[in-house]
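Undergrad: One letter stands for each residue in the lines below.
There are 2 protein chains.
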Amino acid sequence: MSTKYNPTPSVKHSLDILFHPTSIAHVGASPRHMPGRFSFITYLKSMGYGGMLYPVNPKYDEAMGLKCYPDLASVPGTVDLAIMALPAPLCAGILRGIPEGKVKFVVVHTSGFGEIDKDDLEEELIELAHEKGFRIIGPNCMGIFSQKGKICFWEDQSEFADRPGTVGLISQSGGLSIHVVSGCIDLGIGMDKAVSLGNQIDLSINELLEYMGQDDNIQVISIYVEGVKDGRGFLKSLKVVTPRKPVLVWKGGLTDVGKAASKTHTGSMGGDAEIFTAAMKQAGAILIENFEHMIKTLRLLQPPMRLPGQRLGIVCPGGGNTVSLSDAFANQPNIVIPRLSQQTRDELQAFLPEENVDTKNPVDPGAVGMTKLDQLLRILGKDPQIDSIFMMLTDEIVFHFDNEEARNTVTGMIAALIAEASREIGKPIYAHILHVRDNNEDVFHCRRLMIDKLNEKNIPWTDGSFKEAALAVSRLAGYCKYLERFK
Amino acid sequence: MSTKYNPTPSVKHSLDILFHPTSIAHVGASPRHMPGRFSFITYLKSMGYGGMLYPVNPKYDEAMGLKCYPDLASVPGTVDLAIMALPAPLCAGILRGIPEGKVKFVVVHTSGFGEIDKDDLEEELIELAHEKGFRIIGPNCMGIFSQKGKICFWEDQSEFADRPGTVGLISQSGGLSIHVVSGCIDLGIGMDKAVSLGNQIDLSINELLEYMGQDDNIQVISIYVEGVKDGRGFLKSLKVVTPRKPVLVWKGGLTDVGKAASKTHTGSMGGDAEIFTAAMKQAGAILIENFEHMIKTLRLLQPPMRLPGQRLGIVCPGGGNTVSLSDAFANQPNIVIPRLSQQTRDELQAFLPEENVDTKNPVDPGAVGMTKLDQLLRILGKDPQIDSIFMMLTDEIVFHFDNEEARNTVTGMIAALIAEASREIGKPIYAHILHVRDNNEDVFHCRRLMIDKLNEKNIPWTDGSFKEAALAVSRLAGYCKYLERFK
Numbered sequence: 163m164s165t166k167y168n169p170t171p172s173v174k175h176s177l178d179i180l181f182h183p184t185s186i187a188h189v190g191a192s193p194r195h196m197p198g199r200f201s202f203i204t205y206l207k208s209m210g211y212g213g214m215l216y217p218v219n220p221k222y223d224e225a226m227g228l229k230c231y232p233d234l235a236s237v238p239g240t241v242d243l244a245i246m247a248l249p250a251p252l253c254a255g256i257l258r259g260i261p262e263g264k265v266k267f268v269v270v271h272t273s274g275f276g277e278i279d280k281d282d283l284e285e286e287l288i289e290l291a292h293e294k295g296f297r298i299i300g301p302n303c304m305g306i307f308s309q310k311g312k313i314c315f316w317e318d319q320s321e322f323a324d325r326p327g328t329v330g331l332i333s334q335s336g337g338l339s340i341h342v343v344s345g346c347i348d349l350g351i352g353m354d355k356a357v358s359l360g361n362q363i364d365l366s367i368n369e370l371l372e373y374m375g376q377d378d379n380i381q382v383i384s385i386y387v388e389g390v391k392d393g394r395g396f397l398k399s400l401k402v403v404t405p406r407k408p409v410l411v412w413k414g415g416l417t418d419v420g421k422a423a424s425k426t427h428t429g430s431m432g433g434d435a436e437i438f439t440a441a442m443k444q445a446g447a448i449l450i451e452n453f454e455h456m457i458k459t460l461r462l463l464q465p466p467m468r469l470p471g472q473r474l475g476i477v478c479p480g481g482g483n484t485v486s487l488s489d490a491f492a493n494q495p496n497i498v499i500p501r502l503s504q505q506t507r508d509e510l511q512a513f514l515p516e517e518n519v520d521t522k523n524p525v526d527p528g529a530v531g532m533t534k535l536d537q538l539l540r541i542l543g544k545d546p547q548i549d550s551i552f553m554m555l556t557d558e559i560v561f562h563f564d565n566e567e568a569r570n571t572v573t574g575m576i577a578a579l580i581a582e583a584s585r586e587i588g589k590p591i592y593a594h595i596l597h598v599r600d601n602n603e604d605v606f607h608c609r610r611l612m613i614d615k616l617n618e619k620n621i622p623w624t625d626g627s628f629k630e631a632a633l634a635v636s637r638l639a640g641y642c643k644y645l646e647r648f649k
Numbered sequence: 163m164s165t166k167y168n169p170t171p172s173v174k175h176s177l178d179i180l181f182h183p184t185s186i187a188h189v190g191a192s193p194r195h196m197p198g199r200f201s202f203i204t205y206l207k208s209m210g211y212g213g214m215l216y217p218v219n220p221k222y223d224e225a226m227g228l229k230c231y232p233d234l235a236s237v238p239g240t241v242d243l244a245i246m247a248l249p250a251p252l253c254a255g256i257l258r259g260i261p262e263g264k265v266k267f268v269v270v271h272t273s274g275f276g277e278i279d280k281d282d283l284e285e286e287l288i289e290l291a292h293e294k295g296f297r298i299i300g301p302n303c304m305g306i307f308s309q310k311g312k313i314c315f316w317e318d319q320s321e322f323a324d325r326p327g328t329v330g331l332i333s334q335s336g337g338l339s340i341h342v343v344s345g346c347i348d349l350g351i352g353m354d355k356a357v358s359l360g361n362q363i364d365l366s367i368n369e370l371l372e373y374m375g376q377d378d379n380i381q382v383i384s385i386y387v388e389g390v391k392d393g394r395g396f397l398k399s400l401k402v403v404t405p406r407k408p409v410l411v412w413k414g415g416l417t418d419v420g421k422a423a424s425k426t427h428t429g430s431m432g433g434d435a436e437i438f439t440a441a442m443k444q445a446g447a448i449l450i451e452n453f454e455h456m457i458k459t460l461r462l463l464q465p466p467m468r469l470p471g472q473r474l475g476i477v478c479p480g481g482g483n484t485v486s487l488s489d490a491f492a493n494q495p496n497i498v499i500p501r502l503s504q505q506t507r508d509e510l511q512a513f514l515p516e517e518n519v520d521t522k523n524p525v526d527p528g529a530v531g532m533t534k535l536d537q538l539l540r541i542l543g544k545d546p547q548i549d550s551i552f553m554m555l556t557d558e559i560v561f562h563f564d565n566e567e568a569r570n571t572v573t574g575m576i577a578a579l580i581a582e583a584s585r586e587i588g589k590p591i592y593a594h595i596l597h598v599r600d601n602n603e604d605v606f607h608c609r610r611l612m613i614d615k616l617n618e619k620n621i622p623w624t625d626g627s628f629k630e631a632a633l634a635v636s637r638l639a640g641y642c643k644y645l646e647r648f649k
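Keeping their order, the protein sequence lines are chains A and L.
With the first sequence counted from 1, adding 162 to any position gets you this note's numbering.
With the second sequence counted from 1, adding 162 to any position gets you this note's numbering.
Check each hint, because a few of them may be wrong.
Because identical chains share one entry, a pair is satisfied inside a single copy or across any pair of copies.
As the list claims (entries may be wrong) - Computed list of lysine-lysine pairs in DSSO-like fashion (alpha-carbon distance at most 30 angstroms, straight line):
(1) Lys534 x Lys280
(2) Lys266 x Lys398
(3) Lys221 x Lys391
(4) Lys643 x Lys264
(5) Lys643 x Lys294
(6) Lys264 x Lys407
(7) Lys649 x Lys398
(8) Lys398 x Lys544
(9) Lys221 x Lys398
(10) Lys522 x Lys310
(11) Lys649 x Lys534
(12) Lys207 x Lys649
(13) Lys207 x Lys522
(14) Lys619 x Lys266
(15) Lys522 x Lys619
(16) Lys294 x Lys522
(17) Lys544 x Lys391
(18) Lys534 x Lys207
(19) Lys221 x Lys522
(20) Lys401 x Lys310
(21) Lys522 x Lys280
(22) Lys391 x Lys619
(23) Lys312 x Lys544
I should point out that these hints are in silico values taken from the structure, not numbers from a laboratory.
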């Protein structure tokens, strides 16, 4: 990592241009798509990008069916965004050849800079940025995704082409930026913008955080960071943004081994774990522990500002599950599982059988009670002791119906019923899908069906281990607590 | 829970009969299988049970194509195992009608006993057991699974009919016993015996633990417990078994909320979490935190006594993944991620590219290095600093091939290569499959393919979150440490 971090604040291109470029050059383009290699022009085309696309490579006259230019300088007009995908030592040479003002933003996709101690190559780029008037994203990064700007950096992202969303992602890691975007596609979460930042020699997390904080299209910001360059500035930006929208911060390299790996990865030196954690808490960030935690939390934040509060009503069929779920939540801070009011318990007891049920909280309605889910959710939801409901569903609910039409109907009914109950009680209801058989084709199909229906009704859900779900809900509850001070 | 716990040691039927009964009566049988209800005769038939089957129900002459008897007494000959699936208050009446010695084991499947404070019903059963000379499993339980005895208690368990295994399961919870068995089927783990114990008014965890400890068919014992009746006895049994085979203990109700739920579930009162945890550690049990942890650990223990040691060599493609995996393992006790020897690093550097790789430990071989996995594993595996290898695979390895034949070949080659490398270096290699897109049909299919191939080669694997994987490996490493004292 270059020690002489030297951004170029004199270059005041609005980041709006970065996310809505009208012309993109891909320097180092190949004539055709090669599997396993980055093929930005292919990705941009499938995303439906409507601006000018310029492949640049002196070896070819044509690439991906487009005229190919020998260098950046010979591309017609100005270039809003140049993606540099060629060996690190060659990048500066190409950029040196352009006139001032030719290019506005440069994504240096290539690795082989500060992260392997080649700081001189980074300094060269910064000098050129000053001289030629462009901003740098990277190096050692993937680049930019913008749903409305129709730009992206990986093949599956075109699945977002017609699916708008409210998530903004800032990731120092390129690989993880691909994973988080793919994870969002997978869980039916819409994404508005994503930036993979790499070594951050110019455009930084802080600048993007401030930008996304003011961007009304973005309602949740999620960040993966290995090293923060300007810690004080980061905290300041966070404190401005967190009262208005949730900011998820996942810090890689909080352990010594992780820290050593992040030095090699993005040239970052992380700080002390305890100090970082305390600072994030104070700034109202939602601290994220890993990839699964990140995407599960994003799923729970659809819709974004419908938060769980701290007092949960839990519905969980099955005694063992109930014990296990209780243990998972009781081990988390910020969560209260209040005893229900006597009225609620009486009402529950009136329609549940005597055996195989529990009307404390968690409520175990047994198999019979689950068939009366509607009534159950309304009785529980009206209890003034609770802020929201967390309920478990098993794939088996659907699995036992063996024809597709019945399965469709049942899943649709469950989702509609949850959405309607949530509306009526005026509190969020979170669904949790337990995975017992993760690799069974039929179970997988049923789970997909259930998830699609939950997504259609915009019901927040999570799945898999109770422990991970409890962690995610607990961190959101902590955010609710933080927000109280602004009321 | 009956306070007068009063087992019947005078009745000395060997538990061998329980797991290999030659005649089974199902008291409360229905004339035909009804979805969502327990249909033991159907399950036993699909499992290929070869002994005598007697449905008992005074309402019918025939059930499931078999002659139906009005009561237990009128069933011909002796009954090795009677499954009581009728309302709690009726159980004692049926058993009172049989002559002494008629029935050897009684599974009281029904709920509605001590767990809802009906202790008198339990005492009645115990008195009858003394009088008539039978043993009781339950009440409030599922019963018995025995792969070699061809008996089971849930519909999907017949998938084990032709798949022998080495796992023994003892579960206080019925629902979780079904889940753990289903989870094992799903992950390709073979199971030999499973018992769901419920309220444990007679047959207890300790007795089963001792039995399974001496059973050569069982090489790993996994236990789900809510309340231990005879704590000292449990510890004593554990200490006898753990030096010879791994015993996994998952304790439900370690928190106050969980404890309250377990009172309603199986009538158990759990003890203090810290004391329990310390006692388990001292007795050499592998402490399990939840369902996912249980089945993942069982998967890592195939084959059973091939343990990871404490010093891991880690292979993880991708910088962000490497940082994240490092953080996950570095946070766990018992695990050491040693720096590799200079020779190993030199050898790795000689064939890996300069950029996007890391030759410390974890080793990030980059995309290029993963294509030379064979060489990589051998170089790493020969380093005297490490006891075993943990390596990450993504579904994407397979996903990028779009024809089935290529996918089959690639997954088969990877599995064969891992198995062969492990054999050559004489150390276990654990594969980890990251889930980025959990709900995508094509990715699901690729993952299945990879898993099937790993299972065929008997390669231990885990999947999903690094944190959960690191927890599972760390607990196994702790067991390795425990075993050292017996060397």
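Undergrad: When no copy is specified for Lys312 and Lys544, does a C-alpha distance of 30 angstroms or less occur within a copy, between copies, both, or neither?
TA: neither (44 angstroms within a copy, 49 angstroms between copies)
Undergrad: Within a copy, between copies, both or neither: which one fits Lys649 and Lys534 at a CA-CA cutoff of 30 angstroms?
TA: neither (37 angstroms within a copy, 58 angstroms between copies)
Undergrad: Checking an output row: Lys649 and Lys398, CA cutoff 30 angstroms. Within, between, both or neither?
TA: within (20 angstroms within a copy, 57 angstroms between copies)
Undergrad: Taking 30 angstroms as the upper bound on the Cα-Cα distance, should Lys534 and Lys207 be classified as within, between, both, or neither?
TA: Result: close neither inside a copy nor across copies, 49 angstroms intra and 33 angstroms inter.
Undergrad: Is it within, between, both or neither when you check Lys266 against Lys398 at 30 angstroms Cα-Cα?
TA: within (28 angstroms within a copy, 73 angstroms between copies)
Undergrad: When Cα atoms must be at most 30 angstroms apart, do Lys544 and Lys391 count as within-copy, between-copy, both, or neither?
TA: Neither, since 48 angstroms and 39 angstroms both go past 30 angstroms.
Undergrad: For the identical chains here, do Lys534 and Lys280 meet the 30 angstroms Cα criterion within one copy, between copies, both, or neither?
TA: between (65 angstroms within a copy, 26 angstroms between copies)
Undergrad: Using 30 angstroms as the alpha-carbon threshold, which applies to Lys643 and Lys294: within, between, both, or neither?
TA: So Lys643 and Lys294 fail the 30 angstroms test inside a copy (48 angstroms) and across (61 angstroms) alike.
Undergrad: Given a CA cutoff of 30 angstroms, do Lys398 and Lys544 count as a within-copy pair, a between-copy pair, both, or neither?
TA: For Lys398 and Lys544, the Cα distance exceeds 30 angstroms both inside one copy (40 angstroms) and across copies (50 angstroms).
Undergrad: When no copy is specified for Lys207 and Lys522, does a C-alpha distance of 30 angstroms or less occur within a copy, between copies, both, or neither?
TA: Result: close neither inside a copy nor across copies, 56 angstroms intra and 39 angstroms inter.
Undergrad: Which holds for Lys619 with Lys266 at a C-alpha limit of 30 angstroms: within a copy, between copies, both or neither?
TA: Answer is neither; intra-copy 41 angstroms and inter-copy 54 angstroms both fail.
Undergrad: Evaluate Lys391 and Lys619 at a C-alpha cut-off of 30 angstroms and name the case that applies: within, between, both or neither.
TA: Answer is neither; intra-copy 41 angstroms and inter-copy 47 angstroms both fail.
Checked against the numbered hints given earlier, this structure breaks hints 3, 4, 5, 6, 8, 9, 10, 11, 12, 13, 14, 16, 17, 18, 19, 22, 23; the rest are met.
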